[in-house]
Structures are given as structure tokens and as C-alpha cells.
Amino acid sequence: MPVFSNPVIPATTSTINNNSLPDKCMCVDGVCRDPSHKHYAEQQKKQQEQLRQQQLLQKRKRRLSLTTEISSVRLLPTTTCSLYSGSKFRGEQRSGRSSYDVSVHIQHVDLSESFLCGYLHIQGLTEDYPELTTFFEAEIIGRKYSFLTKKWDADDKVDIQHWTRFPAFRPLKSHMKNDGFVYDFHNKDFIFMRWKEHFLVPDHRVRTINGASFAGFYYICYQLSTGMITGFYFHKSSERFQELKLRHCPDNNSFPSFEFR
Amino acid sequence: MNSLKHNQAVDELNSSDPAVRVKALRFIKNNIIGNKTKKDLYIQLNVIPKLVKFLKSKDTVDSQVQIQAAIVLGSFAYGGEENVTEIAKHDAIKPLLECISLQNDPRLIEAAARALKAIYKCPTADKNDIFADHHLRDLITLLNPDSLHPKTDRERIASVHTAELAATIIARCCDTNEQQIQIASAGAFPALVKLLTCGFSKAQEAALDALAYLCRENPEFGKAIVETKSETSDSPVKIMLNLIQDKSSTMRLIAAKCLTHLSRANAIGEYSNDITLIVLPTLVKLLDEKGPVREEAPHVLAYLIRDNEELQKAACDSDAVPKLADFVTHVVDQESSYYDPVGDGDKLKENALMALAAISSLTDDGRKLVVEAKIIPHIVAAMSHRSYGIRAAACQCTRSLSRSINILRTSLVDAGVATPLFKLLSDESTDVQATACATLCNLVLDFSPMKKTIMELGGIEKLVELVRSPDNTLRLNAIWALKNLVYQAESDVKEAVMKVLTYQTMENLISDQEIVEVQEQALNLLRNLACTKPIDIEEVFKGLSENKLMNIIENKLCWWNENEEIIKQVLYVINNIASGYERHKTAIMNRPTILTRILNYMGHDNPEIRVIAVWVLINLLWTEDKSASSQVRVQKLRDLGFEDKVKNMTNDENLDVRERVKTVLNQFSQV
Chain A
1 MPVFSNPVIP ATTSTINNNS LPDKCMCVDG VCRDPSHKHY AEQQKKQQEQ
51 LRQQQLLQKR KRRLSLTTEI SSVRLLPTTT CSLYSGSKFR GEQRSGRSSY
101 DVSVHIQHVD LSESFLCGYL HIQGLTEDYP ELTTFFEAEI IGRKYSFLTK
151 KWDADDKVDI QHWTRFPAFR PLKSHMKNDG FVYDFHNKDF IFMRWKEHFL
201 VPDHRVRTIN GASFAGFYYI CYQLSTGMIT GFYFHKSSER FQELKLRHCP
251 DNNSFPSFEF R
Chain B
1 MNSLKHNQAV DELNSSDPAV RVKALRFIKN NIIGNKTKKD LYIQLNVIPK
51 LVKFLKSKDT VDSQVQIQAA IVLGSFAYGG EENVTEIAKH DAIKPLLECI
101 SLQNDPRLIE AAARALKAIY KCPTADKNDI FADHHLRDLI TLLNPDSLHP
151 KTDRERIASV HTAELAATII ARCCDTNEQQ IQIASAGAFP ALVKLLTCGF
201 SKAQEAALDA LAYLCRENPE FGKAIVETKS ETSDSPVKIM LNLIQDKSST
251 MRLIAAKCLT HLSRANAIGE YSNDITLIVL PTLVKLLDEK GPVREEAPHV
301 LAYLIRDNEE LQKAACDSDA VPKLADFVTH VVDQESSYYD PVGDGDKLKE
351 NALMALAAIS SLTDDGRKLV VEAKIIPHIV AAMSHRSYGI RAAACQCTRS
401 LSRSINILRT SLVDAGVATP LFKLLSDEST DVQATACATL CNLVLDFSPM
451 KKTIMELGGI EKLVELVRSP DNTLRLNAIW ALKNLVYQAE SDVKEAVMKV
501 LTYQTMENLI SDQEIVEVQE QALNLLRNLA CTKPIDIEEV FKGLSENKLM
551 NIIENKLCWW NENEEIIKQV LYVINNIASG YERHKTAIMN RPTILTRILN
601 YMGHDNPEIR VIAVWVLINL LWTEDKSASS QVRVQKLRDL GFEDKVKNMT
651 NDENLDVRER VKTVLNQFSQ V
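Protein sequences appear in the order of chains A and B. For the first sequence, full-length UniProt numbering assigns the number 1 to the initial residue and increments by one for each residue that follows. For the second sequence, full-length UniProt numbering assigns the number 1 to the initial residue and increments by one for each residue that follows.
Here chain A stands alone, though its shape is the one from the complex (with noise of 0.2 Å):
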């Protein structure tokens, strides 16, 4: 048998003694059994007014009930260096000898899920869009997301000939295809990602635009220290290493923070 420490016993607060009816009238003690005596009526009142008041109290105890809150955990945002939500990026990317202005948007950093997403926006693609915008997911390469793509018709070949191009990746290259092999970004200098484009922002029933296209990814290079991403955009049918080339723009260094709930 447990040990409790200080059992709390609930205040009875009735006042009403438990003797049989009286046949009359007796206002004892404040307390009234005759239903055709006035007092009767407020002290009925008083009562159910009682009863209503412990119910809520109860209830307010009980709140913690899943009607109310089916996730209790916080989603605080987490964070490293220039990868925030809000922070922004500009540059640009390189297709043959064309080259356009490409800005990105961070929306939200999750690292903890080792995610993040913003929107990419990119000038002068196609003549109908002066300015294209989409929204993408990143998977950021660590505990969750392996540097094996297995999916997106990128199989390791693709990802072997896209990751070594980063020169921070060549050393991590033969232990790629190690079973239980895990990059450990937090605390590096260098953090790779997929950005997977999803949708066009405003208008995501928007499926195709003529001339440009979206089925792709990129491979992406983040390096800390110096606020730089280097991105190879990967589609079968393609133009192969479409470079892209970002830069951390500082903004005043105030930092506004949301939280989902």
C-alpha cells in the first residue's frame, strides 16, 4: 500500500441535515422544508445556485479533458542562424546562358522535424508570369530524411552525381549508402536539403504554365557561417544542374515570432 502524501478531503458544503420531513415549517439554522413557505423558494435558489457554482468549479478542474486540447505540446519554432521564418534570401538561378533573379521566402523553419518551407520567387521565366511564385517544403537531411532521395524519379545515381557537387558533401560521400547512417546537422556549418515545390502561391489550382514547370527538386547546400545556399534543380526531363545561387539578405535585426497552436 503507497504512501499519499496530504489526502485533501473535499469540503462537504451542504448544509441540509439528513432528519425526515417535518410536517411544518422550520426555519432551524436557515434551512427551510415547507415548499408553500416563502423561504423555501429562496433557499432552493441559494441551493441550486450552490450546485451550479461546484459543477463549474468541478468542471474548470476537469478541463484538462480532450474536448478542449487534444495536443498539449508546444510547437515552439526552432531555429539556427539566418534560417528563420521571415528570413529572406535573394540570387539567382542559372539555366544555360540565361540567368533569373530568384528571391526566397522562409514561412517557417520546424528544425526539430527537420523542416522547413517558404515561398521561392523567381522573374522573368516565362512571358505570361513576369514574377512566378510557389511554395515549397524542404526535407532537411538528418535524422528523418536520409541523402537517399528513393523517390521523385531520382534514384542514387542522381543523388550520388547532384550532392557531390557540393565540395562540404565529398567527404561524407562514402558513408552515404551505409545502412544507419545519420547527418547530424545541428551544430554544423553545412545543412543539405531537398526543396520540393508544391503549388503556385497565390492561386494553387493553377496546374500548369507555359514554359516553366515545377515537377522537379532541388538538392540544396546551406552553409551557416556565411548565409549562403547552393541548389542543383533535378527533373528527368530537364536541363541537368540548373545552379542556384542564394544569399542571406539581413533584415534590421528585429525578430517578430509566431507559434502554432
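Incorrect hints may have been included.
[Said to hold, decoys possible] Short derived list, chain B residues pointing at chain A, Cβ under 10 Å:
hint	residue
1	I33
2	E490
3	V493
[As the list claims (entries may be wrong)] Among the chain A residues that face chain B by a calculated CB cut under 10 Å, a handful are:
hint	residue
4	E127
5	H204
6	V206
7	T208
8	N252
[What the hints assert, rightly or not] To be clear about the criterion: a stretch of chain A counts as covered by chain B if any three or more of its residues have a C-beta under 8 Å from a C-beta of chain B, and this derived list gives those stretches:
hint	segment
9	74-83
10	107-116
11	189-203
12	254-260
I should point out that these hints are in silico values taken from the structure, not numbers from a laboratory. Model, not experiment: these values are computed from the prediction. By construction, the Cβ of each residue, glycine as well, lies at the ideal position given by its N, Cα and C atoms.
With chain A held as given, fit chain B onto it using these hints.
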């Protein structure tokens, strides 16, 4: 209706002959069992006070009058909540509790326990009486069928039935922590664990149920139950893991529930494999059952996986989502329900929505499965359901989904979720209001296409109204939503919010007396207001006055504050102010206490706090020109020991800290 014979029966209750009274009671009993109209009739004929009087009469040699009175009261109680209220009004609970004392006729004990079980099933029943006097001890004694000394087989079965009733009563009286403590202190655990192996299914189920509610959200009791010695060689957990394989689906459900509560109470960490490989799949399989079992299974499932990412992933890998989605889309069977005898599938729908909300609360995989199940239009429709539980659950589901920007910008906006959700902010149920408001927090964010709609519907005014609520959850959710709404907002939006909210109210919330989370959110609001543009900072200085603003900051930092989330928010407020004009920086420089605290926080254990503290320094050292005042500022910071402190941080274990330290050292070297 021929009420003559009923009136006569009531009259006969006043007879001086016990035999006549018993006969009348039997007549009433036979009439009212299973008949709502007759129950109402007799209640109107005011029989309850008479029954209570019979229960109290000790002088009867034969206890038949008492037994019949208890049975009739029980029958009334099974008629629903109104009847229970009526019974409670006539103070019948206390005498019924007196009847379960061991010295009474076992048949009376059984009848009274049965009536009490029905009374306590009603969620609004007053449970105070049971904790008074010797009643808990009586109940716990009854958990052992042998204590009634049964001699015949029939008596043996009756005593097991009484034990089952006692366990069920206990299960229904553990709403609060205090109640759990008292029941446990009266010796419930060994008696219930013993009942687990009695070999009678119904009693075993009741014992499991009682144990489940005794350890709900109570780690201490979870551990106590796990360590209770059973009379067999198996531990209580082993017994439960056996019962979860039972052929009866009710037994499987209640065993799963008990193990779920133990797991949630962190009492069975070493069994985490069994939770993933046995309990979770059992619950998912129970979704294929019928009736009350199928109805409660999603609720237990939701509770099991709540806040646990691994289990949510395991639930995604099972086929739970399509099954639950099917309930949301198709349910309307007329089966009777565990909670509500005339249930119509409402509870199943509510529980299914809740389980879907839980599955999709922490992982994108879960959210994608829910989207792929194509039930979002049904979730939106459920927001206008007549049952408040369903409305709240639909909000929870939407809340989980809205944690993904991807889904916010696509499926949720397509389903037109904003307007029906906004209506629920004015729901008659506070629970629904609170969940709707929690969901709204995610819909008013910068990247949500629904932010505009909500503001046009009068979102700011409504949220400010809710922020003044005395309800803690509601107040927290409302200030949270306002904070999210001004995140990266333009100056005019910030101004519109503060015009309605007022700086005075924000100040009150920053020192909220009830919950510290409100303070944190209000500080975060202040941080978001004083952000991005120097004119926005200026606005805050005007709104609060420099003196008040600095006092707020100083108070929050000086008060012995160990809440890291509060510290972070205050430091960010300072940082954002320090990013402003010269005069904003000066306001901070004029407060030596604040500067000392910043210096202290550079040595905080939490790297995130160290980074912000260093950021503040970066902003204070920032000089656009070589003006005299900025020279003075740098010199003052140097004198206070900031440069030396930072020099010691070049080998900080955290990369972010090291990077920012480099920036600061560079700044010092340039002056």
C-alpha cells in the same frame, strides 16, 4: 390514462402494514421498469420522498421494504439525468450510501449499489457524499466478494455482482485528483487488482475501468497500481496484457483503456513495445466492432496517441485513418450507446473526429492521410452540428490540419473553413469557443489566405472580446491569436489591433494573475508590435510611454524569473527595441538593471537565451554613423564588462552563439 391504480399504490405506501407497502412497491417497480412515462408519472406523484423515508427506516425487521425502495429508486435513476437530479434533490444519495454498509442484508446492499451506479453515471451528479463518513471503506470492502460470506452459488454470483457495482461506482467517482487520492487512500488498489483475477468477466471489466480512472493523469498512482502485488504470480500489467487478448470485445477495450491510462501516466515505460504492438493495434481493430465498443475505441485511441509522435506514426501505418474517416462520413446508426442510451452515432462521430485530430496533430504524414481521405468538407459541416462535442472535435481536427502551411493554403481554404469557424467563436459552449479560438490562431497568420476574411468578419473585435474572458483557456487562446495576427503585419494592422485592445489591457495581460502562459503570449505580442520598422517601435513608445515600457521590462527581468519562455520573450522585446532609432537604444542604455540582466543572460544554460542576449548587444553596438552618442554607448557597454564577457564566449559549444559572438567582437574592434 387510468391512473387510479397508480394513485392507489402510492396511497398504500402510507400503510402501517409492511406487507402492504412491499406489495405496493413491487407493483410500482413492475410498472416503471423500462417505462419512461410511468417513471415520470410516479415522480409526479411524489413517491421519491416516501422511498427515501423507507430507506432510512431502520426498525423494519424484514428489509424487504428497504430493498424494494432501493430497487425502485434505481429504476428511476436509469431513466436519465432529469430523474437523477430529482433523486438528488430529495437527498436520496446519502441514505443509499448508508444501505451499502456490510451489516445490511446483502440483497439491500446490491439494490442500493445498483441505484448508486445509475446515479453516478450522470455526469452532473454530486459526488461529495461518497467521500464522507465510512462510505468509501464500505465500497472497497464490497470489492471482495467473500466479505458478504456467500454460501450458495446464487449468493456467490450476487456478491460478485455487488463487487462489480462497487468497482463501477469507484470508476465514476474519480473526476478530480483529490477524489483519486481519497479512493486510493481507502485501499482500493489491492482490492481492485485482486478482482482482476476473479474469473467473472463483468467484474473484471469493472475493476479494469476503476483502475483506469484512478491512474488517469496521475503518475504516482500509475506506479502504485503497477507495483501492487496480485494474488497470482503475474504482475497487474501482465494480467491486463492477458485480458486485452480476451474473446469479449468489451474486455479488450477496457483493458486497452487501462493500459492507455497507465502509459499516459508514464507508469509502464518498459512496456512501450507492448503499447505500440498490442494496445494500439487492438484499439484500431476494435473500430470494426459494433455499438458502445466501437464508439469508445476512437476516444481511447485519441488519448493514447495524444502528444506522442511515435504512436501517431504507428497509427498512420495502421489503417486507422480510413476507418475513422468512414465514421465521419457515413455514420448514422441508431444503436444504443454507452454514454447516451438513445445515442444516434453522435458520440462515435465526435470520437472519430477527435482521433483524427490526434493522429494529425504532430506529423505531416498524419495530416496528409486525413486530407487524402477527403473528409475536410465533412469536418467543415460538422462545425455546425447540433452536438457541441462534435463542433469542438471538428475544430480540433481543423486545428491539427492548419498546422501545415501547405494545407492552410490549399485544402482548408478550398473548403471555406474560415466563416463557419469564426461563427463558433460565439458558440454557446465555452469549450467550443476555446477550441475554435485555438484553431483561429493558425488561420490569422501572415501566410494564411484566410487572414483577410477573418479580419473582414470583425476578427480583431471578437478576439479582443474573448481576451477579456475569465476563462483561462479562452483568454490564452485569444491573446495567442492576436499575437499571431500581428506577426509580420503592416503598421496599420498593428494600429487597428491596439486601438481595440488598448495598451492598458496588454499591460494587464503581461502581468496576468491566473496563468503565466498569458503573460508569455502578451509579451510576444509586444515583441511583434515593436518590430520591423522604427516607426512601429515609436508607436509602442507612444502607446505605453517610455517609462512604463522600461518598467515592464525591468519587472519581468528582475523578478526572480526562471520561466525560460518568459525570459526569451522579454529579451526579444529588448532586442527589437534596440534595433530602432538612437533614442530607443538610449532608453535601454539608461536602465542599468536591464543591462546587468542582459549580461547575466549571456551565461545562461540555454543556448537560445545566450543567442538572444548577444543579439541585443549587436543592436546596442550598431552605429549608423560615428556620432558622439554612439561612441558613448559603446564605451559604456565596454565599462560594464560586455566585451570581456563576449571574449570568453568565443568557444561556446553552440555554433549560433559563436557566429553572433564573432559579429560582436568585430563591432567592438571597429570603435
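Quick rundown of the hints versus the structure:
1. I33: 27 Å, violated
2. E490: This hint is violated: B:E490 lies away from chain A, its Cβ roughly 12 Å from the closest one there, beyond 10 Å.
3. V493: Where the cut-off is 10 Å and the nearest Cβ of chain A is about 12 Å from B:V493, the hint is violated.
4. E127: For A:E127, the interface hint is violated, since the closest Cβ of chain B sits about 26 Å away, which is over 10 Å.
5. H204: 5 Å, holds
6. V206: Because about 12 Å separates A:V206 from the closest Cβ in chain B, which is outside the 10 Å limit, the hint is violated.
7. T208: Because about 17 Å separates A:T208 from the closest Cβ in chain B, which is outside the 10 Å limit, the hint is violated.
8. N252: OK, holds: A:N252 within 10 Å of chain B, min 5 Å.
9. 74-83: holds (count 4)
10. 107-116: holds (count 4)
11. 189-203: As far as the segment 189-203 of chain A goes, the hint holds, because 5 residues have Cβ atoms under 8 Å from chain B.
12. 254-260: holds (count 7)
Comparing the model with each earlier hint shows violations of hints 1, 2, 3, 4, 6 and 7; every other hint is respected.
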